[in-house]
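Let the hints inform the model, and build the full structure from the sequences given.
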Amino acid sequence: MRISIEWLREYLDLPESADRIRDDLTMLGLLVESVGECAGSRVLEIEVTANRPDCLCHYGVARELAALYGRKLRPVPISRALSLERERLPFSIEIRDPDLCPRYVGLVLDGIRVRPSPDWMQRRLEAAGMRPVNNVVDITNYVLLELGHPLHAFDFHRLREGRIVVARARPGQHFTTLDGVGRELDGDMLLIHDGAGPVALAGVMGGLGSEITEKTEAVLLECAYFDPVSVRRTSKKLGLSTEASYRFERGADRDGPVRAIARTAYFIRKLAGGRVAGSLRDVLARRIEPVRIDLRRARAEALLGVSLEDRFILSTLKKLHFRPARTGRGRWRVTCPSYRVDVTLEEDLIEEIARFYGYDRIPASLPPGAPAGTPSPAFRAECAARRILLGLGYSEAVNLSFADTSDFRMFGAGAGTPVQIRNPLTSDTEYLRASLIPGLVRAARRNFSYDRFDVRLFELGKVFSDGPGGPGERRALAILGTGAHTGRNWRQPAPGYDYYHLKGALEAFLQAMQCAPWAILPDRGIPWLNPADASILRLEGTTVGTLGSLHPALAEELKLKQAVFVAELDFTELVRHLREALPFRPPARFPSAQRDISVVVSREVPYADIHAAIAGMALPELAGIELMDVYQGEQIAAGKVSLLLRLTFQDPEATLTVDRLQRLGDNIRSLLRERFGADFR
Amino acid sequence: MDGAMDDLREQFEAEARAAGSLEACKSLRDRWLARESGIVTLQIKRLRELPKEERPAYGQAVNRLRDHVERRLEELFAKAKAAAATAEFLDVTRPGFPYAVGHEHPIRRLQFEIERIFVAMGFRVFDLPEIEEEYYNFEALNMPRDHPARDAQDTFYLGASKLLRTHCSSVQVHAMECMKPPIRAVSTGKVYRRDPFDATHSPMFYQVDVLAVDEGIHMGHLKGNLDFFLRQLFRPDIRMRFRPGFFPFVEPGAEVDISCIFCDGAGCGKCKGSGWIEILGAGMVHPKVLRMSGIDDARYSGFAWGMGIDRVAILKYGVNDIRHFFESDLRFLSQF
Chain A
-14 MRISIEWLRE YLDLPESADR IRDDLTMLGL LVESVGECAG SRVLEIEVTA NRPDCLCHYG
46 VARELAALYG RKLRPVPISR ALSLERERLP FSIEIRDPDL CPRYVGLVLD GIRVRPSPDW
106 MQRRLEAAGM RPVNNVVDIT NYVLLELGHP LHAFDFHRLR EGRIVVARAR PGQHFTTLDG
166 VGRELDGDML LIHDGAGPVA LAGVMGGLGS EITEKTEAVL LECAYFDPVS VRRTSKKLGL
226 STEASYRFER GADRDGPVRA IARTAYFIRK LAGGRVAGSL RDVLARRIEP VRIDLRRARA
286 EALLGVSLED RFILSTLKKL HFRPARTGRG RWRVTCPSYR VDVTLEEDLI EEIARFYGYD
346 RIPASLPPGA PAGTPSPAFR AECAARRILL GLGYSEAVNL SFADTSDFRM FGAGAGTPVQ
406 IRNPLTSDTE YLRASLIPGL VRAARRNFSY DRFDVRLFEL GKVFSDGPGG PGERRALAIL
466 GTGAHTGRNW RQPAPGYDYY HLKGALEAFL QAMQCAPWAI LPDRGIPWLN PADASILRLE
526 GTTVGTLGSL HPALAEELKL KQAVFVAELD FTELVRHLRE ALPFRPPARF PSAQRDISVV
586 VSREVPYADI HAAIAGMALP ELAGIELMDV YQGEQIAAGK VSLLLRLTFQ DPEATLTVDR
646 LQRLGDNIRS LLRERFGADF R
Chain B
7 MDGAMDDLRE QFEAEARAAG SLEACKSLRD RWLARESGIV TLQIKRLREL PKEERPAYGQ
67 AVNRLRDHVE RRLEELFAKA KAAAATAEFL DVTRPGFPYA VGHEHPIRRL QFEIERIFVA
127 MGFRVFDLPE IEEEYYNFEA LNMPRDHPAR DAQDTFYLGA SKLLRTHCSS VQVHAMECMK
187 PPIRAVSTGK VYRRDPFDAT HSPMFYQVDV LAVDEGIHMG HLKGNLDFFL RQLFRPDIRM
247 RFRPGFFPFV EPGAEVDISC IFCDGAGCGK CKGSGWIEIL GAGMVHPKVL RMSGIDDARY
307 SGFAWGMGID RVAILKYGVN DIRHFFESDL RFLSQF
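Residue numbers (the numbering used here), protein chains in the order written: chain A, -14 to 666; chain B, 7 to 342.
Hints should not be assumed to be uniformly reliable.
What the hints assert, rightly or not - Some chain B residues judged to face chain A by a derived CB distance under 10 Å, without partners named: (1) Phe103; (2) Leu169; (3) Trp282; (4) Gly289; (5) Pro293; (6) Leu339; (7) Ser340.
For the record, the hints were derived by calculation from the structure and aren't laboratory data.
From the three backbone atoms N, C-alpha and C, an ideal C-beta is built for every residue, glycine too.
In structure tokens, the structure reads:
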């Protein structure tokens, strides 16, 4: 809302500088965003909050300043003679839908000469951001900007019958507003009719056909109170927001119409030569009682944390035109001015007291002691996961939660169906993501385009899916690696990031999270992963994630020039497999011994099977199995692979003898020979 | 006898001349002084086999030999160590091994930092879904359908009364529904508004919301809580300004500004010359919100506030384009 300081000075003495006024209004709750200069006046750009429609006008702002500075607020001149014994242009008003229009005030003036309005009025309109049109239109706009109450002027002779009927539209009814746009209405929208048909969309905009023109001689002024919700719905549905609808939907002053119309008549008489031709009609279809609130000083003190004097409370309320009546010690029944639609509860009055007491004067203190704080389990797990992954050299990404259909086509849509947004911003943000991988791959490609080819990222965030229980969400964790594994180095060429880097990071992560024993197994059926390395992570019988490189066809489609490795885990599920504390095993006091064996088996035998077979022997002395080397080549038969295993043996009670070690080794060898047809080198 | 010792001494000297390295010194020492079989040790052991009258002279000779060997070895070791230390200088100015370092996301860092501060202050962290019921996002916060305050929060709807939450303020309702006073609750996370993705807007951003409900909670407590928090988050000399503001779920409501961190309140381009930067919205929990969540508003009162975490990141790190946060550009991320 643009407020001209020059204009404000009409209503109160205001020697303060614009900067001072800016600061004082801001501290009263009317945030002044900027101070400018327009049409010869300093102009304040005020952000008026949705609860204060009474400040969407100069008089309202003047009222606040008068209360703050303790100055007299001058009344605005109005026309008092608004009725005639013998009307030249009689008319009638009928309200058929009092729920949407509790009050409608009309007045007819004739003898009007439409011409430009005077300079001073044009300048003020411009200062407030409105374009001058002609005197009649300018006057209604001026009164809107002055008193905040929207008015509408019809060309009386263009109304087909001398009557106003306020009634709901028929569903599907068409109406052309002043801006020339034809609109289809529904049965909850309110229209002003002239007897023969609609002439205005109530509280929003007038219609074509009855607007003021240069030929207008007589006007019917409308000043009404329309139901805020109805105006808002109409304005929203039609996508049509006007100065009038903006104020009506926030709540106009229900006691304001007569004064606003009298002020308009004053100007029309003075500036357009108009005379009353049809007496003021004030149709009150539904009475709205003034708001009365019980206020307790003790309550105000308790809520604000300060002690207050009755005198201060009373003077503050009176300055703001509230009418307090004492009902007991430190108790009042307060009648609120009709324009203060924001005040309906005791707390609202307490805010008024606080505003004038000064928020800044309320002393700060810490709230009383509270029970111990507790992090959420998710917060703890996320904190730990982030720290581990950061330590492993992966940077944290946060991508937008949106997805489009191509994401689902390329990377699948997860377990359920995608969650669709009813009112998306753009077509590529029409859905919520079902996986973190598309976002990370996009991020990698973006980095490639900046010549960053070594990319290691992770993201911890929600993924979404729709199911029988409605749209739902789960936490997911995704890791992406591509390019060089570590940074380039002068001592040795950096190894290219490969499957085992990803798997190693994932396993280091799981270990650091104190995860239950896991297995990573091949799964060639993951459509977006390369069958060569596509695999799944299983935890205690549940598949918790996938890992591998992007499928060559997908890499081709995305024009990737290097292999990109991705893993995604269901973090919500993973958290269920974390162990709070593992039982402590005392470190052995006796030396351990290592024996290396070279196992030659068919390449078809997965390493995990060999590992599992040895571990499955449950030898109490076996403390570790490591894969030290893998060899395929001339020195062994085709189709075979040689695995160098390092077995660590440890007896907690004694030093192992050479004989015993030999026997343990022999047992393992014969098991492998039996189970996998293994040879030994 | 002295002759034999002299021979040994000469033999030692000959070997010592060849012992340049530390390793050679060690084997020289072992060869001559080892506890069981060192050459000198064996000579000392022979003492017992000698007739009594020969022992003193032999003993002196052997001791001289041992002293000599020990002294010489000390010299040799010192020389060898010095030689070893200067044998080959590394170029220590070459880059170290490039261990991979992960970079924190600046907003996430702040998010966890904020939660940590509040846990330390006795608050319980609520982990709430991003898909929210319309009731919790709006109605229960005193924003009925058709409330003009909803305009400021253009919402993504998912259908069946579900939406993407437009703020974290619904923590107020969830906390009051599942806790009895005294309540201290905090929740952080992503929120969504139907804004285009440009330099100053994002359809997704982060918020923190805080709630305290207890007997006797007043506005001074709200100020105290914020004062403490903002000093922790920004810096200890930050000043705070409270002014009236409007949020449907609080009454009285407040807007909170901090002294401009760029100009210390003197007035600059960043604060539009005012010396203050708007940072968050706050207030006393609206009695209707308390009642709707089953709290007796005659007995209890509370404060609540909410803040955009992105906004804090923008201020703290001087980020000029909000899109940087959500594009995973390593040139951006690696600065954190």
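Hint check:
1. Phe103: With Cβ-Cβ at 7 Å, under 10 Å, it holds.
2. Leu169: holds, 9 Å
3. Trp282: Nearest chain A Cβ about 9 Å off; hint holds.
4. Gly289: holds, 9 Å
5. Pro293: At about 6 Å, which falls below the 10 Å cut-off, the nearest Cβ of chain A leaves the hint on proline 293 of chain B intact, so it holds.
6. Leu339: holds, 5 Å
7. Ser340: holds, 7 Å
In this structure, none of the earlier numbered hints is contradicted; all agree with it.
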